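> Single-letter residue listing:
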Amino acid sequence: MFEQFKTRATGVGAEVHRVVTRRDAVDFILGFLKKEGVSDLSGSYAVWADGPFLRGVDRELLKQVPGLSLKVTRERTAQAKIGISEMSFAVADTGSLVQDQSAVDQRLASSLTGIHVAIVPSANIVCDKTALFSRISPKTSRYIAFITGPSRTADIERVLTIGVHGPERLIILFVDELGGAA
Amino acid sequence: MKKEFKASINRALNDANLTGALGKFSEAYRVNRAKAYEGIDFEALRGRIAEAKSSAACHLDEVAEVFKENAEALGAKVFRTSDPEQVKEYILQVARDNGVKSVVKSKSMASEEIHLNKALLNAGISVAETDLGEWIIQLAGQTPSHMVMPAIHLTKEEVAEIFSKEVEERLDSDIPRLVKVARNELRPKFLAADMGISGANIAVAETGSIVLVTNEGNARLTTTLPRIHVALVGVEKLVEKFETVVPILDALPRSATAQLLTSYVSIITGPSPNDDGSLKDLHIILMDNRRTEMARDPKFKQALQCIRCGSCLNVCPIFRLVGGHVFGKIYTGGIGTILTAWFDELQKSEEIQGLCIQCGNCTEVCPGKLDIPEMILEIRRRLVLEKGQPLAQKAIFSVVNNRKLFHGMLRAASVAGKPFTSGKFIRHLPLFLSDLTDGRSLPAIAEKPFRDIFPEIRQPKGGEKAVFYAGCLIDFAYPETGIALVKLLNKAGIEVLFPEEQTCCGAPALYNGAYEVAAHNAVDNIKALLEVEARYVVSACPTCTVALAHDFAKTLQDQGRSEWLDKAKELAEKTVDLSTLVKRLVEEGRLSFEEGEDLGKITYHDSCHLKRTLKVSQEPRELLQKAGYELAEMYECDMCCGMGGSYSMKLPEISAPILKRKLHNIKETGAPLVAMDCPGCVMQIRGGFDQDGETVRVRHTAELLAERLK
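So the protein lines, in turn, are chains U and C.
Under our numbering, think of the first position of the first sequence as 54, with each following residue one higher.
Under our numbering, think of the first position of the second sequence as 353, with each following residue one higher.
These are computed hints drawn from the structure, not numbers from a lab.
All values reported here derive from a predicted model rather than from experimental measurement.
Per label pair, the in silico range of CB-to-CB distance: (1) U:230 to C:369: 52 to 60 Å; (2) C:526 to U:90: 19 to 27 Å; (3) U:176 to C:909: 54 to 62 Å; (4) U:90 to C:537: 19 to 27 Å; (5) C:356 to U:90: 57 to 65 Å.
For every residue, glycine included, the Cβ atom is placed at its ideal position computed from N, Cα and C.
In isolation and in its complexed conformation, chain U is listed as follows (with noise of 0.2 Å):
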């Protein structure tokens, strides 16, 4: 389902990588952010919004990125460069991710900024959206977002343009470590 999803999802624009251990998915997200150039500029910010993979991190590493916040206010996210928040599920056959966003923080992350990096427990990809909705559900999740590629739009002469209210890049990081909690 994986080799499915990857296609699907770079079909759409977004990017898709994969890692086993948790310290191997910092690694790749500290990098990131500095091939990104993420400093302490306006317009250079990154924010990184609260999930059960943060948690799970030593902060004190991460508070020495110059630019990255883990506070995720909306005048802060409205400055970043790049907004990195978790999504709980991978849908195989369109090639979206799918998180309860009812958190604010979890859905400025993901909408304001340029690039959205999306952490991923790699467990959690399901075939379609029939599977998926036996997982989530409104009567406990207010806010349910599905998130598949970058934003678009075809409005000026049917022309295919990416990035418009929304990231135009769209990183999404399978972790193999990250069971299937979420």
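Since the structure of chain U is provided, determine the placement of chain C on it from the hints.
Relative to the frame of chain U, chain C by itself:
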């Protein structure tokens, strides 16, 4: 048809950008949609959608109440009203109560329907549409021309011009750059807005959820950043169960833009937290505006199954020529015609309903299983009931209702037409009729109609019998098609009967909304065709076949003439189109074709009624190949040729470019010969080639097959 309407059609037809953009899009759409649906059982999928939406429409009142209860239990405020004025008052009241100065909107057709922006602006509240297409339209001071692609009628140069004024800077027409400008301009508006207004693609009663489907991400920002979220939802968006979200999400993006899923889907169930920790002030307005009334109308109830994907526009041969500013008001195209008649008023649909050529392309792709052409006919009928038939039409139909007079006039026309006839065509018609020969010639009326030739044909007697229903065109213009049909059936040992009392099938009257006339025609034909004992009633005209097999019963029922229903059913069961019958005879070994000769390339044109109503498309192809032809498929083989009965006379300016495209596609195959099963298409396409000066031969399948009998 009013002068202004004709003028707006001509403006659209001469707008190279509009016709170019729509043409290119609809070509790409066909291919991409098919790809998006690969591996999916579309019939099963739309069956599920139609069933779920129809069920909700049947219990609209209860379903809306369940939604209200469930959403309110979660903390949303739900306001239900039938009156568009009350919707505006409610929103303005919420705005006043909260000191709202600015609003951002994520696309909502319901708000277009009630002209909400105007009301907000009048109250001193600034409004920004945030869907890129909608924003362009807003800045340009226009209305959307497509439900899914509101600004498809504008070029990038025009957009650059519009944006340049807004940002007071000279912008060039680089599309990614223009999109950036929109992002940069709208971002502060999102962040500053006090209220976000969205629509909803689905509203789920069971859970009180609304579902929003977008590509740009504007709905996420609209429902996240402002403290207040107002969702304006037409009650037709209601479904009972949460599980129905799955099939709708499966179909909506695939049908709308040929995507497997849009970039963003948000399922919002009750208020969620704002970034200051407070809960969102969530208002959901369930707007009726005649939808309940529509749900109670047996002919229009199905319109509530629409999921607003716009695929009926994407495949419409008329829409791709004239676009949404001619074809609709707020909602455009086929579905737009129906919604305009209801949400606006019947009279406003008077002209646009006439644009429908009844080709049925839209019924084939509709994920809600709507029969849009049928509903448009019903609008036509109601308009006729309300306003009466136009005088000229009335005169024609009074003739059609009197078989002897009608046939007498057709005979007379073969003489009267003479001075204007050259060869097989009427090339020039006098004065007021000159429009009719714009782009294609009309057939000359035959000197001797089929009914006069028939008694001279010697037939095998005593075997199986079939009644031949000729229809006016074969009888009076193309008797050779009738002769071919007799030859084919005779060869299989079938004796052909031709009851002289048969008359016009009523399709012209029916398609013009004159149901009374059509019912009269139906009764006359039922009497004539069932009078003689025969196994089949066979026709070589798909429109006539559809009339006999489908329309008679519906029309008679509609006109309250139920005493004829059993007979209509009997006739329908016996009725068969020629290709289907011939194929059966070939399979039974009763007919075979000469073998061993290579006849070269042929291409086949699918007639709308044959392919889409009668579901016959492979039969004639197989037969032509069996007869020795090599089939070369043309591009868009099943796209309408622009004939549409009297359509080609009422709207020749639209019919002509459709025909031109068809001729081009035929020529592209390199085949010197094109076959079809409809004498109407023969008339249109043969006439087109005649004026075009091309030498492609145009033949009815019956004739080609008859020539090859062993």
